[in-house]
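Can you build the whole structure from these sequences, using the hints too?
2 protein chains.
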Amino acid sequence: MSETTSSRTDARRLRGVLAPVLTPFQADLSPDPRRLARHCRWLLAHGCTALAPFGTTSEANSLSVDERESLLDAILEDGVPADRLLPGTGACSLTDAVRLTAQAVRRGCAGVLMLPPFYYKAVGEDGLFRFFAEVIDRVGDDRLRLYLYHFPPVAQVGFSAKLVERLLRAHPRTVVGMKDSSGDFGNTKTMLDSFAGAGFDVFVGSEQFLLAGMREGGAGCISATANVNAGAIDRLYREWRSSEAERLQTELNAVRGAVEKVPLIPGLKAVVAHHAADPGWLPVRPPLADLAPAQRDALLADLAALKFAMPELRG
Amino acid sequence: MSETTSSRTDARRLRGVLAPVLTPFQADLSPDPRRLARHCRWLLAHGCTALAPFGTTSEANSLSVDERESLLDAILEDGVPADRLLPGTGACSLTDAVRLTAQAVRRGCAGVLMLPPFYYKAVGEDGLFRFFAEVIDRVGDDRLRLYLYHFPPVAQVGFSAKLVERLLRAHPRTVVGMKDSSGDFGNTKTMLDSFAGAGFDVFVGSEQFLLAGMREGGAGCISATANVNAGAIDRLYREWRSSEAERLQTELNAVRGAVEKVPLIPGLKAVVAHHAADPGWLPVRPPLADLAPAQRDALLADLAALKFAMPELRG
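Residue numbers (this note's numbering), protein chains in the order written: chain A, 48 to 362; chain B, 48 to 362.
In case anyone wonders, no lab produced these hints; they're calculated from the structure. Where is the CB? At the ideal position from N, CA and C, for every residue including glycine. Some hints could be false.
With a cut-off of at most 20 Å between alpha-carbon atoms, the simulated DMTMM-like pairs for lysine to aspartate or glutamate come out as follows [what the hints assert, rightly or not]:
1. K168/B x D231/A
2. K209/A x D173/A
3. K308/A x E263/A
4. K236/B x E263/B
5. K308/A x E359/A
6. K168/B x D184/B
7. K236/A x E307/A
8. K168/B x D349/A
9. K168/A x D231/B
10. K168/A x D240/B
11. K308/A x D173/B
12. K168/B x E307/A
13. K354/B x D344/B
14. K354/B x E293/B
15. K308/B x D189/A
16. K168/A x E307/B
In silico negatives: residues of chain B with every beta carbon more than 10 Å from chain A [said to hold, decoys possible]:
17. R60
18. R88
19. W89
20. A149
21. R154
22. G174
23. P200
24. D231
25. R282
26. R294
27. L353
So, in structure tokens, the structure goes:
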């Protein structure tokens, strides 16, 4: 795919650590743009290169398209820089995906991170290819930079190497990367070996694979845990070639392991709420459910034992 | 659950054969309300008691909420009777589910058929219960009749007997039935044995289970194939106690078997297009894909060999 390399000299291309930003909700379960913008700024000041709002960790599929549009507008108006945003714009509905993607491009976002349409489960490569081709054609804007969000454990529908190759061949300037949340580093390595040489940026979907990913030519990570631990993840991203790398990876894994003992999204919200001294961070939208108090206490105790901190978050 | 029986003397309650109505698309993939309304009227005149638009077969999750709202308004304005409609209003987003459900109630629909939120896969009973309780509370209308759409092979998320019991106990006048598309008649029997006595109406999700369902106290079927074969399915529904019942079931199974040899939704659209002499029925929205010409020819030949017909559809 070397014919595409020359088109990949794109100053806006993202590398490093991205957080799929948690979405705070008010007591009535409406999204809270003020808390969201504040958290975005904190993340950018504490280890995140950029942000991937409206991902799985953001409960984006629990929001309406209107809510997603309004929230993106609100954080941009609150000063979060568009060129450091990679919003999730995938949807089951072609028209929804087009609308969200067009908004992101119009507002100057660095790119979009797209789930495949995830309702129908037995769809073939042709239908998925056509879905993305239609989105790209209908958005019709050369500025679009599209990252594929591969997350078969939750979305069930994913991107085969063959589908990625077909998309790259048809849209080499637009399809520029992937978040691999398969949990299978073998798959990440296949994607890196097949496409990274042509300038396709592969982000691991958990910092547990960050060191391995960087050693194989990865672009960084987009990980839920970056909402609370971006500084430490960023240190490994910057120092992966150093003699400290294995130790840093082990430390990241310990924090991740503590958080993964409980349901991840309410768990991360509980950590932010605790360190920000702000219980307004706790609500999740159903079908997610709050942590039980005992789960929350155990999580916070586990993190305290690891000397985990979130600097300057409070207030 | 006998305390709920007295509240179930509801003249509007549906029984019989319902079609999850196919959604026709124009060449630009926008929905076609005129063809949809015409098909609704044909179905009601040829075997359907009522209609369940915006289901899986309707590609409803490939539509935006705006498109779903507009289409429902359009077919009502075109004369399709609201009291014979059970639109699908489930969504991953609480706010979308509330908006669609409120519209259906406001427009006088007989009920709604709700998928659970289907993005997150490891959700617990509490979160699902809270989702439905929030929808019911926010719609806030005693006229709401809610049918649960259990379809684990595609939605992955489903309704356990324990969750159904909890919903029935909390909302006995509102939660009134289920479509069981599990493909597992053992599950259907569990639901019937547990809840039918209290007036909970269980519809099988395929006519292949219609005779078995009726023998166990079922309310009928809501089946994709009813889009093309409602008359024959309705005959078995009405004559399930007769000596002809086994033969009628066998004939239904033969038609279903022919259609199931190809992807179901483009297959059904190809059958309607052929019998209506209207290629405008063919388009599907990606991620679904058109049938290959050879698949279509084989399907039509299989149905012709079964002397399959769609009376008065043409023109």
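Hint check results:
1. Between K168/B and D231/A the alpha-carbon distance is near 18 Å, which keeps this suggested pair within the 20 Å criterion.
2. This hinted pair checks out: K209/A and D173/A have alpha carbons roughly 11 Å apart, not beyond 20 Å.
3. Proposed proximity of K308/A and E263/A is contradicted: the alpha carbons are some 29 Å apart, above 20 Å.
4. Distance restraint check for K236/B and E263/B: the Cα-Cα separation of roughly 7 Å lies within the 20 Å cut-off, and the hinted pair is therefore satisfied.
5. This hinted pair does not check out: K308/A and E359/A have alpha carbons roughly 26 Å apart, beyond 20 Å.
6. Note on K168/B and D184/B: the hinted pairing is violated, with a Cα-Cα distance of about 24 Å set against a maximum of 20 Å.
7. Between K236/A and E307/A the alpha-carbon distance is near 24 Å, which puts this suggested pair outside the 20 Å criterion.
8. For the proposed pair K168/B and D349/A, the alpha carbon gap of about 26 Å is over 20 Å, so the pair is violated.
9. Taken as a hint, the K168/A and D231/B pair is honoured in the structure, with Cα atoms around 18 Å apart against an allowance of 20 Å.
10. Between the alpha carbons of K168/A and D240/B the distance comes to roughly 31 Å, so the proposed pair goes past 20 Å and is violated.
11. The straight-line distance between the Cα atoms of K308/A and D173/B is roughly 19 Å, inside the 20 Å bound, and the hint therefore holds.
12. For the hint linking K168/B to E307/A, the alpha-carbon distance of about 16 Å falls within 20 Å, and the restraint holds.
13. Our distance criterion of 20 Å between C-alpha atoms is met by K354/B and D344/B, whose separation comes to about 15 Å.
14. Under the criterion of a C-alpha separation no larger than 20 Å, the hint pairing K354/B with E293/B is consistent with the structure, at around 19 Å.
15. At most 20 Å may separate the alpha-carbon atoms for a hinted pair to count; K308/B and D189/A exceed this at roughly 42 Å.
16. With a C-alpha separation of about 16 Å, the suggested pairing of K168/A with E307/B holds against the 20 Å cut-off.
17. Every beta carbon of chain A lies more than 10 Å from that of R60/B, the smallest distance being close to 28 Å; the non-interface claim holds.
18. Even its closest Cβ contact with chain A, about 26 Å, leaves R88/B beyond 10 Å, as expected for a residue assigned away from the interface.
19. Its beta-carbon lying about 26 Å from the closest one in chain A, W89/B satisfies the requirement of being farther than 10 Å from that chain.
20. The beta carbon of A149/B sits about 13 Å from the closest Cβ of chain A, which is more than 10 Å, so the claim that it is off the interface holds.
21. The claim that R154/B is not at the interface with chain A holds, since no C-beta of that chain comes within 10 Å of its own (minimum 20 Å).
22. Listed as a non-interface residue, G174/B fails to keep its Cβ farther than 10 Å from every Cβ of chain A; the least gap is roughly 4 Å.
23. Its closest Cβ contact with chain A, about 7 Å, brings P200/B to no more than 10 Å, contrary to its assignment away from the interface.
24. D231/B, annotated as away from the interface, keeps every beta carbon of chain A farther than 10 Å; the closest lies near 17 Å.
25. The claim that R282/B is not at the interface with chain A holds, since no C-beta of that chain comes within 10 Å of its own (minimum 31 Å).
26. With a minimum CB-CB distance of about 32 Å to chain A, R294/B clears the 10 Å threshold, and the non-interface call stands.
27. With a least CB separation of 25 Å from chain A, L353/B remains clear of the 10 Å interface cut-off, as annotated.
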